[in-house]
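**Student:** The primary structure of each chain is shown beneath.
2 protein chains.
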Amino acid sequence: MPTYRLDIEYDGTDWHGWQSQPDDRTIQDAIESALTTSLRFPVSIVGSGRTDSGVHARGQVAHFTPEKNIDEARLLASVNGILPDTIAVRNLVLVKESFHARYDARKRRYRYRICCTPLAIGRQYHWFVSPTPDIAAMNQAADALIGEHNYSAFCLSNSETKNRVCTIFEARWHDDTAQDTWYFEVTGNRFLHGMVRSIVGTLVEIGHGNRDVGSIPALLKSEDRRNAGFSAPALGLTLEEVVYDSFK
Amino acid sequence: MPTYRLDIEYDGTDWHGWQSQPDDRTIQDAIESALTTSLRFPVSIVGSGRTDSGVHARGQVAHFTPEKNIDEARLLASVNGILPDTIAVRNLVLVKESFHARYDARKRRYRYRICCTPLAIGRQYHWFVSPTPDIAAMNQAADALIGEHNYSAFCLSNSETKNRVCTIFEARWHDDTAQDTWYFEVTGNRFLHGMVRSIVGTLVEIGHGNRDVGSIPALLKSEDRRNAGFSAPALGLTLEEVVYDSFK
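Quick note, the sequences are listed as chains H and V, same order.
Our numbering applies: residue 1 is where the first sequence begins, and numbers increase by one.
Our numbering applies: residue 1 is where the second sequence begins, and numbers increase by one.
A portion of the hints provided could be inaccurate.
Stated by the list, open to error - Residues of chain V placed beyond 10 Å of chain H at every Cβ, according to the derived structure:
#1 3
#2 22
#3 29
#4 66
#5 97
#6 137
#7 147
#8 149
#9 156
#10 174
#11 178
#12 201
Unchecked claim - Some but not every residue of chain H turned toward chain V, in silico, with C-beta under 7 Å:
#13 9
#14 10
#15 14
#16 80
#17 82
#18 84
#19 88
#20 159
Since the hints were made in silico from the structure, they are not lab data.
Here a beta-carbon is modelled for each residue, glycine too, at the ideal position from N, C-alpha and C.
Based on the sequences and whatever the hints tell you, model everything.
**Tutor:** What follows is the structure in structure tokens.
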């Protein structure tokens, strides 16, 4: 059966996250419903991973395997015509049959955006953090996240995931284009439930001087969520990219 | 009397433009009301110029002249606390007494953003133009806008402005950061009512092959609005910057 890859962007503000749920407004459900309407047969899609309620994506990836080949350009136009304007399928292409959006993903890249003075344009995608935290201190602290660690301390305590080991390749705050705005870019092989948001909340506590700059290694070692900081709100978080091996 | 300069950002989506109007929801009214509440005396502000209903600004400038000096930092925090989150005062500073936000403005810079495939994040700030127009042709046509011209052909016909001569310094389409998004950057000494939007509408007609690439000079010469293209919608337009002499 042919396999099609979808590249999906969404504004998560009014959605209850990615993952299909009974009686709930989720992004996966909306896309499956648009595909089913367009193709006139039931379609299920597999995403690269979940995003929480209110979290956005520029580069979510999913796949589906219809029984026969379809007209990609026509389907793309039709699906985007059906979907609400907060969800856009940016690309739809035939890939090798074995492609799996979740199992084949090598890296995920997230951005978390903050503004430290009130922002009007794009406020929907920034957490308002005041006063301006010490970005240099936050970057010094974030260096300790790089590498392979057990991330239980940054995982929602009710998560059923047993393997809590993640490899982080990049974790750095950058100056954004608008005045007094910054973003935290973090890339890893995988992320646990609530992980980026609790990392950001903890780093902002450090940036505000409420937690020691050198406290991350002991925190990771504790493997206890209660030792980490609060969770930063969902609105600032965007799944920017899912990286696959190039031959996929 | 001291003069204070305000640098203002707004998401114009739900506002009836800048200019104060009886019984209408305008940005100037909202800011004057927030200043009046904070300072406990009536405040009027003078903006660099109007923006239409639905148009955004990142760099609108205004000034006001209270009878005595005020605490800028405190007023800034207070005003932003009162204003709805679609308006943000980004800076508030004491300037030389003679500063006038409108008369001293030397240049205005606007951006008009389009997306040519559906966009979810930031869709509020892009006009969806499909199919993708010929950007090179639009840039070739836009070159004819540079310099001093009578812009009557691009001015709303009911405008009462008598002097229709404007000098355009830059008028160019650029590739934006997201896939299949572009923005038109235009800088001039002044702009007439509806001017940027009718320029953009006309250029997109050229980019879709419905109007000749070399048609702009004759169109300007005609000085007749009926010869230009339709007005591009307000949502794509942002007043990015108002430029003053540096000594102000």
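**Student:** When you look at the beta carbon of residue 149(V), is every beta carbon of chain H farther off than 10 Å?
**Tutor:** holds, 31 Å
**Student:** According to the definition I'm using, a residue is off the interface if its beta carbon is farther than 10 Å from all beta carbons of the partner; does residue 156(V) meet that for chain H?
**Tutor:** holds, 25 Å
**Student:** How about residue 10(H): closest beta carbon in chain V under 7 Å, or not?
**Tutor:** holds, 5 Å
**Student:** Grab the minimum beta-carbon distance between residue 174(V) and chain H and tell me whether it stays above 10 Å.
**Tutor:** holds, 14 Å
**Student:** Please verify that the nearest CB of chain H lies beyond 10 Å from residue 137(V)'s CB.
**Tutor:** Fine: 24 Å to the nearest Cβ keeps residue 137(V) off the interface.
**Student:** Can you verify the interface hint for residue 14(H): is its Cβ closer than 7 Å to any Cβ in chain V?
**Tutor:** violated, 11 Å
**Student:** Does the interface hint hold: is residue 159(H) within less than 7 Å of chain V, judged Cβ to Cβ?
**Tutor:** Violated - the Cβ of residue 159(H) stays beyond 7 Å from chain V, reaching only about 27 Å at its closest.
**Student:** Does residue 82(H) hold up as a contact with chain V if the rule is Cβ-Cβ below 7 Å?
**Tutor:** At 11 Å from the nearest chain V Cβ, residue 82(H) fails the 7 Å test, so the hint is violated.
**Student:** Taking the shortest Cβ-to-Cβ distance between residue 22(V) and chain H, state whether it exceeds 10 Å.
**Tutor:** holds, 25 Å
**Student:** Check the non-interface label on residue 3(V): least C-beta distance to chain H beyond 10 Å or not.
**Tutor:** holds, 22 Å
**Student:** Given residue 9(H) as an interface hint, is its Cβ closer than 7 Å to any Cβ of chain V?
**Tutor:** holds, 4 Å
**Student:** Just double-check residue 147(V) for me: nearest Cβ-Cβ distance to chain H has to come out over 10 Å.
**Tutor:** holds, 30 Å
Of the numbered hints stated above, those contradicted by the structure are hints 11, 15, 17, 18 and 20, listed in ascending order.
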